[in-house]
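Visitor: Heads up: the sequence lines are chains X and E, in that order. -10 is the number of the first residue of the first sequence in the numbering used here; add one for each residue after it. -10 is the number of the first residue of the second sequence in the numbering used here; add one for each residue after it.
Just to be clear, a hint being listed does not mean it is correct.
Distance windows between CB atoms, simulated [stated by the list, open to error]:
1) Ala209(X) - Glu18(E): 50 to 58 Å
2) Pro212(E) - Ser56(X): 49 to 57 Å
3) Ser56(E) - Asp31(X): 53 to 61 Å
4) Gln236(E) - Gln306(X): 29 to 37 Å
5) Pro147(E) - Lys57(X): 45 to 53 Å
6) Gln306(E) - Glu229(X): 38 to 46 Å
No more than 35 Å apart at the CA atoms, straight line, and that leaves these computed lysine-lysine pairs for DSBU-like [stated by the list, open to error]:
7) Lys171(X) - Lys57(X)
8) Lys171(X) - Lys171(E)
9) Lys171(X) - Lys63(E)
10) Lys63(X) - Lys240(E)
11) Lys240(X) - Lys63(E)
12) Lys27(X) - Lys57(X)
13) Lys171(E) - Lys14(E)
14) Lys14(E) - Lys57(E)
15) Lys63(X) - Lys171(E)
Hints in this document: simulated from the structure, not taken from any laboratory. Computed from a predicted model, the values in this text were never measured in an experiment. C-beta: ideal position from N, C-alpha, C; glycine also.
There are 2 protein chains.
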Amino acid sequence: MITRIGRSLTIDGAYIHSYAAVVGKKEGEGPIGNEFDKICDDTTLGQSSWEKAESTLLKQAIDLCVSKSNVPVKDYDMIFCGDLLDQCMGSTMAVRSMGIPTIGLYGACSTMAEGLVLAGLCAGAGVTNHALVTAESHFCSAERQFRFPLGYGGQRTPTSQWTVTGAGVAAVSPTASAICIKDVTPGRIVDMGVTDANNMGAAMAPAALDTLVSFFTDTATAPDDYDLIITGDLGQVGSEILRDLMQREGKPLGANYTDCGLMIYDRDRQDVHAGGSGCGCAASVLCGYLLPRIENGTLNNVLFMATGALMSPTSSQQGMSIPSIAHLVHLTHA
Amino acid sequence: MITRIGRSLTIDGAYIHSYAAVVGKKEGEGPIGNEFDKICDDTTLGQSSWEKAESTLLKQAIDLCVSKSNVPVKDYDMIFCGDLLDQCMGSTMAVRSMGIPTIGLYGACSTMAEGLVLAGLCAGAGVTNHALVTAESHFCSAERQFRFPLGYGGQRTPTSQWTVTGAGVAAVSPTASAICIKDVTPGRIVDMGVTDANNMGAAMAPAALDTLVSFFTDTATAPDDYDLIITGDLGQVGSEILRDLMQREGKPLGANYTDCGLMIYDRDRQDVHAGGSGCGCAASVLCGYLLPRIENGTLNNVLFMATGALMSPTSSQQGMSIPSIAHLVHLTHA
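Chain X with its partners taken away, still in its complex shape (with noise of 0.2 Å):
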C-alpha cells in the first residue's frame, strides 16, 4: 500500500530483512573498519583489471547478502543496480550470473538511494517478494575513467573527494523485519551551474537541500523529529554548504546530521581531502553501519539520502555544469 503525499511517497510493507558491506583496505583502516562484513587487504580481489576487482566485490556483497537473508537466489525476483562505470560495466558483470530479473540503474552516487526508492514502492504495492538492491564502486576503475590514470600520480585539489572501494547490498520484502522503508522521496536534477569536477560537493548540496526541504515539508516534520539525518557523500564542503542552505531555509540541520563521505575515513589520518565519494560510500556506510544500528534499536529514525553527481567525462570536457540529484529513503525500526 503507497500513499503519496506532495513529493514524497509512503509505503505499508517495505522492510529490509538482510544486507552485507564489503569494502577495501583503506576503508577497513577507517574509523568504521570493523563494522563492514569483510574488508579485502588486496584491492585487486585477485582480478587482472580494476573493473573486474569492483565487479568481484559487489558479488562478494550480494553472496554475503543473499546467504545471511536464508532466501535461495532463485526466490528473489528482482534487482536493482547500478554503479559509476561507463554503461554500469560492474553490477553488470557481477550480477550476470544470477538469473534474476535485472532493473539496471543510472544514478551515480545517489545509487543506492534510488535502487531503496524503488525496491521499496515495489515491495509496498506487491510487486516484488524478495528484491535486491546493490551498488559499489571501486578508487582504481573510478579514478582512472573519471579523473587520471592511477599511475600519472595527479595533484588533487583540497575540495576534492576520495572514492570508496566498497560495495553494499540490501534486501527488500513485503514482510516485516526490524528495519522498515517508510517514506521515499524520490530526487529532482538540481544544477547551480558548478563546473568543477574536483568539488562534487558543492555541486550535490543544492540537490539534497531540495529533497529535503520537500520531505520535511511533504512531511509535516523537522530535522529535529529524526534521530539521525545523513546525507551520501557531500562530504566536508558539501555537507558545510548543505548546513548553511538548510540554516537559511529555517530548517537548521543539528548534530543529528552527517555524511557517510565523513565517516567512513579519518581525513587527519588517510589523506582523503573532502572525504569519502562513490556509490559505495553511501552503500557501504548503510549496510555496514546504519542498518544494524537500526536494526538492533540503537537508531529509529534515519533519513538516509544518497546524493549523485550526474556528469561524465565528456560532460566535464564539454564544460558543462554538473547536474544533481538526491534520492532520500526513511528508515524506522519497526
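Following the hints, put chain E in place on chain X, whose structure we already have.
Guide: Same frame as chain X, now just chain E:
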C-alpha cells in the same frame, strides 16, 4: 492493482495517453519516415557537440509528448530515462531543467521497455499519476563512444548495426486511454559468450528468447495469439537467430514477428548492414509507428520487447563477453 504470474506482472490500471518520436535525417528517409512527429534534417540540431545534439533531440520529443498530453509539466510526478552514453549524459542533460523527480536507468537499447515496465508498475500501484518514459540515441555520439571516431572512416562488418538517431517519449498514467500496458516481464541478464561488439544481434537474441519464453509460459499464450511481436533492435542477424531459437522451443514465430531495427531503415537502399540499433531505435519505432496503430485499433495485441547489449568499450577491450537483457511490455488496444 498488480498481480504476479511467474516472472511476469499483470497490471490493472496503466495506460499510455501521449507519445512522441523525433528522428534524424536518415531515419526520416526510411520506410516509416512519415510516421515520426519530427525529422531533424540537421543532425547537429544546431549544437556544438554530438552529445548536446542527442540531448536536444530528446528534449524536443519530451516537449512534444508533454504538449500533446495536455498535462502541464508540473503535474508529471516521475520521469524514467536513460540512454547509451557514459553516465547517461544525453537524458540527464535533457531533463535537468524540468523539475520532475527522475529515475535514471541503464539498460542500453532495452531502456524504453525497462522504463515502461517501471512506469507501468508505478501507475498500476498508484505511485504516479503522470510519468514520462524516455530513451534516445544518436548515431554520431554512439559511434565515437563505442567504436571509432567518425572521421576515421572505419569499415563496418556485415553483422554490424546502425545506431538510430532518434528519441521516443511516452506518458503513462492510471487514467484509462486507448493504449493499455497489460503485462510486463522484466528481463534477466543472459550471456552466451558472444564477444563481438559488431554483432550485438547475436549477443541479444538469447536474452530475447529467455524473456519471450517466460512470458508465454506465465500467460499460457503462444506467438499466434498476438497481432504483432516486435523486438527492439536484434537486426537481421539477431532476429533470424531468435526465430531459430523459438522454433527449437516449439514456439515458432510467424509473419507476425518483426524487429524495430528492420523497420526503420531500408537495408537495400540505406547501407545500414544488419539494421538499426540504439536506445532510440525501439523508442522511436514504438512512439512513431506502433502506438498510433494500437491507439486506433489497427493493432490490438502487441508484444514490445526492447533488447539491450550491456557491454562497455572497456569491457570489450578487456575481452569480456556481452551480457544482454530484454524487457517485455504487452500493449493492448483498450
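Visitor: The structure should be examined with respect to each hint, and the outcome stated for every one.
Guide: Hints versus structure:
Checked against the hint of 50 to 58 Å, the C-beta distance between Ala209(X) and Glu18(E) comes to roughly 57 Å, which is consistent with it. In this structure the supplied range 49 to 57 Å is violated for Pro212(E) paired with Ser56(X), their Cβ-Cβ distance being about 40 Å. Remark: the range hint 53 to 61 Å for Ser56(E) to Asp31(X) is upheld by a beta-carbon distance near 56 Å. Our hint of 29 to 37 Å for Gln236(E) and Gln306(X) is violated, since their Cβ atoms are close to 48 Å apart.
Our hint of 45 to 53 Å for Pro147(E) and Lys57(X) holds, since their Cβ atoms are close to 50 Å apart. Checked against the hint of 38 to 46 Å, the pair Gln306(E) and Glu229(X) passes, with Cβ atoms roughly 40 Å apart. Between the alpha carbons of Lys171(X) and Lys57(X) the distance comes to roughly 23 Å, so the proposed pair stays at or under 35 Å and holds. A threshold of 35 Å between alpha carbons decides the hint, and for Lys171(X) with Lys171(E) the separation of about 29 Å falls inside it, so the pair holds.
For the hint pairing Lys171(X) with Lys63(E), the CA-to-CA distance comes to about 25 Å; that is within 35 Å, so the pair holds. At roughly 25 Å between alpha-carbon atoms, Lys63(X) and Lys240(E) fall within 35 Å of each other, so this suggested pair holds. Proximity of Lys240(X) to Lys63(E) is assessed by CA-CA distance (about 25 Å); at most 35 Å being required, the pair is judged to hold. Restraint check for Lys27(X) and Lys57(X): the C-alpha separation of about 13 Å stays at or below 35 Å, so the hint holds.
This hinted pair checks out: Lys171(E) and Lys14(E) have alpha carbons roughly 34 Å apart, not beyond 35 Å. Between the alpha carbons of Lys14(E) and Lys57(E) the distance comes to roughly 23 Å, so the proposed pair stays at or under 35 Å and holds. Distance hint between Lys63(X) and Lys171(E) is fulfilled; the C-alpha atoms sit about 25 Å from each other, no more than 35 Å.
Of the numbered hints stated above, those contradicted by the structure are hints 2 and 4, listed in ascending order.
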